[in-house]
Amino acid sequence: MKEVLVNQWIDVHAHFYPPETEEEINARWEAMKKGCWTSPAAPRWSPESTLAYMDSAGIAMQMLSNIPKTRDKLRASNDYAATLVEKYPSRFGFLAAIPTDDPSSAIDEIRRASDDLRADGFAMTFRYNDVYLSDERLEPVWEELDRRHAVVFGHPDAYAGGVMGRPCALMDVAFETARTVTDMIYAGIFRKYPNVTMILAHCGGALPAMSGRLLLLGNEDWIPNPNQVTTDEMRKYLQRFFLDTAGVCPTGLAPALTMTTPDRLVYGSDCGVPCSTDRTMNANLTALLEYPGLTREQVQQIGRRALDLFPAAAKRLQQSK
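Residue numbers (the UniProt record's numbering): 1 to 321.
Don't read these hints as lab results, they were simulated from the structure. Small disclaimer: the values here were computed from a predicted structure and weren't measured. Mixed in with the good hints there might be a few duds.
[To be verified] List time: in silico SDA-like cross-link candidates among lysine to any residue, alpha-carbon distance up to 20 Å: (1) K73 to P43; (2) K34 to K192; (3) K192 to T182; (4) K321 to G58; (5) K73 to Y53; (6) K192 to Y237; (7) K87 to P311; (8) K236 to P255; (9) K192 to K236.
[Claimed, not checked] So the derived label-pair ranges between C-beta atoms look like this: (10) L51 to P226: 44 to 52 Å; (11) S46 to P224: 25 to 33 Å; (12) R112 to K315: 18 to 26 Å; (13) A283 to T258: 18 to 26 Å; (14) T286 to K73: 13 to 21 Å; (15) P19 to D263: 21 to 29 Å.
We put the CB at the ideal spot given by N, CA and C, even for glycine.
Assemble the whole structure, with the sequences as input and the hints as a guide.
Dropping the structure here:
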């Protein structure tokens, strides 16, 4: 029997698709091909295949997220995720998608997902239907999340088109994260809403590598800074983020650990989407396990740290033993 890579880790970055008709699958695939994807077949998702991968790698639980582009599909996706948690309470958690192109709808879904669906946290895309998370119209949304001491998983726009003939998932997702989070810092979001805990996908994308530039130049007089965010504040916010390890090991860990500390890293695989395969996820996980800049104990803590962020999921996992 093949030896698993880790033992009882928690994966904060895992995607899913609700059940789809063949017509819907093909339509999604055609849209992806227009975005420069060249995979040989349409991607499909099932809980059974995902659980099989989790068992093979040693992953105890995944925190599922999916952020469709229409409100009806987003609500239906959240409903489906809740049924998965009900069926597999010790294997899946879910981060409810929020439609951040409309503040009122976003607040309604936060309340519904929290109070009715018992979501473990929330998933927000940095740009949803061309509205960025730094948009001032979203202030009431951040107020609601702050009031709830919410944990928010921030992910770049998975539906963006290709760039220079390649899917956005290769490189551009990293730059969207850096751009948007930088704008959120200047907008004062992290100053005004300190009770929101943010996890940034893909180890923060390009943000860690560019963080030194932000701290060096970000308060020069040629930079618009209407909220007078200081360099010390910028440093504090950069160090506050949690960063998942999806798709970046080992080279992405060095800039991340320059920007922040090992206790702000959480394990993520980017499972469930066509840019990730068993091979690439296992290679990324192996690179994390072998990274020379972290002790064995620190790496194990990365794999289990999400239990502190999602106490309800941790309780479900404990009750299964």
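Practice prompt. Hints the structure violates: just list their numbers, smallest first.
Written response: 2, 5, 11, 14, 15
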